[in-house]
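Protein chains in written order, with the numbering used here: chain A, 1 to 311; chain B, 312 to 368.
Derived by calculation from the structure, the hints in this document are not laboratory data.
All values reported here derive from a predicted model rather than from experimental measurement.
Each statement offered as a hint is correct.
Cβ pair distances, simulated, as ranges:
no.: 1; chain 1: A; residue 1: Lys216; chain 2: B; residue 2: His329; range: 46 to 56 Å
no.: 2; chain 1: A; residue 1: Ile273; chain 2: B; residue 2: Phe338; range: 46 to 56 Å
no.: 3; chain 1: B; residue 1: Leu343; chain 2: A; residue 2: Asp203; range: 47 to 57 Å
no.: 4; chain 1: B; residue 1: Gly330; chain 2: A; residue 2: Ala79; range: 24 to 34 Å
Here are the computed lysine to any residue pairs in the SDA-like style, where the Cα-Cα straight-line distance is at most 25 Å:
no.: 5; chain 1: B; residue 1: Lys349; chain 2: A; residue 2: His48
no.: 6; chain 1: A; residue 1: Lys93; chain 2: B; residue 2: Ala332
no.: 7; chain 1: A; residue 1: Lys25; chain 2: B; residue 2: His329
no.: 8; chain 1: B; residue 1: Lys349; chain 2: A; residue 2: Val50
no.: 9; chain 1: A; residue 1: Lys25; chain 2: A; residue 2: Leu293
no.: 10; chain 1: A; residue 1: Lys93; chain 2: B; residue 2: His321
no.: 11; chain 1: A; residue 1: Lys93; chain 2: B; residue 2: Ile334
Ideal Cβ positions, reconstructed from N, Cα and C, are used throughout, including at glycine.
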Amino acid sequence: MSDASLHSNVYANEPQLSDYFALLKPRVMTLVVFTAFIGLVAAPGSLHPVEAFAAILFIAIGGGASGALNMWWDSDIDAVMKRTAKRPIPAGKVEPQEALYLGLFLSVMSVTMLTLATNWVAGGMLAFTIFFYAVIYSMWLKRSTPQNIVIGGAAGAFPPVIGWAAVTGAMPLEAWAMFTLIFMWTPPHFWALALFMKSDYDDAGVPMLTVTHGRKSTRNHILVYTVLLAILAVGAAFTGIGGPIYLVVALVLNGLFLAGAVRIWARAEETAIGDDYTTEKKFFRLSLWYLFLHFGAIGVEAFIGGWATWL
Amino acid sequence: MALKVEHEIHERRRGRNHGVALILVSFVALILALTVVKVTGGDFELPSYQQSGSAGQ
Chain A
1 MSDASLHSNV YANEPQLSDY FALLKPRVMT LVVFTAFIGL VAAPGSLHPV
51 EAFAAILFIA IGGGASGALN MWWDSDIDAV MKRTAKRPIP AGKVEPQEAL
101 YLGLFLSVMS VTMLTLATNW VAGGMLAFTI FFYAVIYSMW LKRSTPQNIV
151 IGGAAGAFPP VIGWAAVTGA MPLEAWAMFT LIFMWTPPHF WALALFMKSD
201 YDDAGVPMLT VTHGRKSTRN HILVYTVLLA ILAVGAAFTG IGGPIYLVVA
251 LVLNGLFLAG AVRIWARAEE TAIGDDYTTE KKFFRLSLWY LFLHFGAIGV
301 EAFIGGWATW L
Chain B
312 MALKVEHEIH ERRRGRNHGV ALILVSFVAL ILALTVVKVT GGDFELPSYQ
362 QSGSAGQ
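Same shape as in the complex, but just chain A (with noise of 0.2 Å):
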């Protein structure tokens, strides 16, 4: 190899802008910034739209610095798996300690700004949220046990608290009930994509609960969280976040939602092999509108009032 080439191919490898904002999870960061929005907006009180718009924009980048932290951590499985192999640590464009610092660096800098623009409540649960997804998830529970996904869940889940901290300073029942919705929809949704990206965790030696208990098991898991969530979530038509626009909304979607899990559970493994398992890329579409529409039902009942507008 020539001087030139061996140039040109380190320079093709240069890490772009685009490559580090990749480190940070942006499709991960859209359902953050939309549920820490909704989050915000549901709770009792205001903010002046500079701290709200701050608010949000921390609360992002600290969910981004905690996928930074976990693709430095997870870099040596992303490369095997097909769906993370083009990650910017394994496709080679950025170097694991870069993650590192970049995401240890966004970390301090996103809690400090957030506990500045709002209170230390909203500030401490975001310090918290980093160090459950980073440590807890990533570093010792992903690999260790099949329940992975249940208890990364939380992670996810806790934006709409955040966001409601942020305008309160406190977290209420209503905040642990957006809390809740997210945490019990991540084992459903992510063990139906599991069901069909299966080759991947295999390969990965990540104990996914597809290859630790098998893909009946998971069907019957996937039923059994849904049954949970759809009580959930209908039942949170009746606390301060929701309202009768919210009530009609949970009970079609739950009911798709149960459908869907009731015809994972019913097929045998032949069947989903069969049609390529529409059913359960079906059933991961509906959950990606399942979340959206239920949060977008809890923004406009802060909007119009929830139930006060209407008794």
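Fit chain B to the known structure of chain A by using the hints.
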């Protein structure tokens, strides 16, 4: 011949450097806006005993 030849690395990293500059300027603008909101919103008002100049009396 130009007195100062731009190094090739500046050319190559121009996009990234401009991006970082934009992020830093935006951050400064946000801090300024937050400061104005906090100060005018009364978050940093002095306690009344200090405002009246009777501290320590």
